[in-house]
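Kindly produce the complete structure, drawing on both the sequences and the hints.
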Amino acid sequence: MEQQALALDVRQLEKLSVLQDEDAPNLVAEMAQGYLARTPARLSRLRELLAAGNAGLLANEAHGLATASGMFGMMRVRQHCKALENLARGPSLEGAEGLVTQVEQAYAEARPLLMVELKLRD
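Per full-length UniProt numbering, the sequence shown starts with residue 1, numbered consecutively.
Worth double-checking, as some hints may not be accurate.
Said to hold, decoys possible - Here are the simulated lysine-lysine pairs, DSS-like style, with alpha carbons at most 30 Å apart: (1) K15 to K119; (2) K82 to K15; (3) K119 to K82.
To be verified - Here are the in silico distance ranges between beta carbons for each label pair: (4) P25 to A51: 38 to 44 Å; (5) E94 to A37: 29 to 35 Å; (6) A51 to R89: 17 to 23 Å; (7) E14 to P91: 36 to 42 Å; (8) L27 to Q105: 25 to 31 Å; (9) E30 to E94: 37 to 43 Å.
It should be emphasised that the hints constitute simulated quantities derived from the structure, not laboratory data. Just so you know, these numbers come straight off a predicted model, no measurement behind them. From the three backbone atoms N, C-alpha and C, an ideal C-beta is built for every residue, glycine too.
Here is the structure:
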């Protein structure tokens with residue numbers, strides 16, 4: 001049975017904090033803001049690619065979103081994106097609709113947690 005990933009793993013954010021210094025004390029928050037700003041369009045793109053039946057690009061987009069989400073500790077988003085990527089690389093897109101929905105739900109759950117952790121404002 002697959003273990004449920006954390007909605008937000010703050011240890012990932014702590015790892016990124018080594019990138020900050022006195023010249024860039026808010027670098028992680030700024031990077032996260034960029035991720036949060038781009039992700040709604042990426043979620044829409046997943047839906048568009050699924051509707052078009054473009055499995056190759058769907059797999060690539062899911063892979064990219066998994067990587068970015070993992071970097072910012074959104075581990076459940078990452079987990080669902082990896083599952084979507086694996087499915088899209090297979091023989092059929094059957095079940096992909098449910099996985100896209102899970103990605104969207106996981107993002108909706110983790111987004112406010114990330115914002116609170118990094119003290120970001122909407």
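Could you check the structure against the hints above and give me the numbers of any it violates, in ascending order?
none
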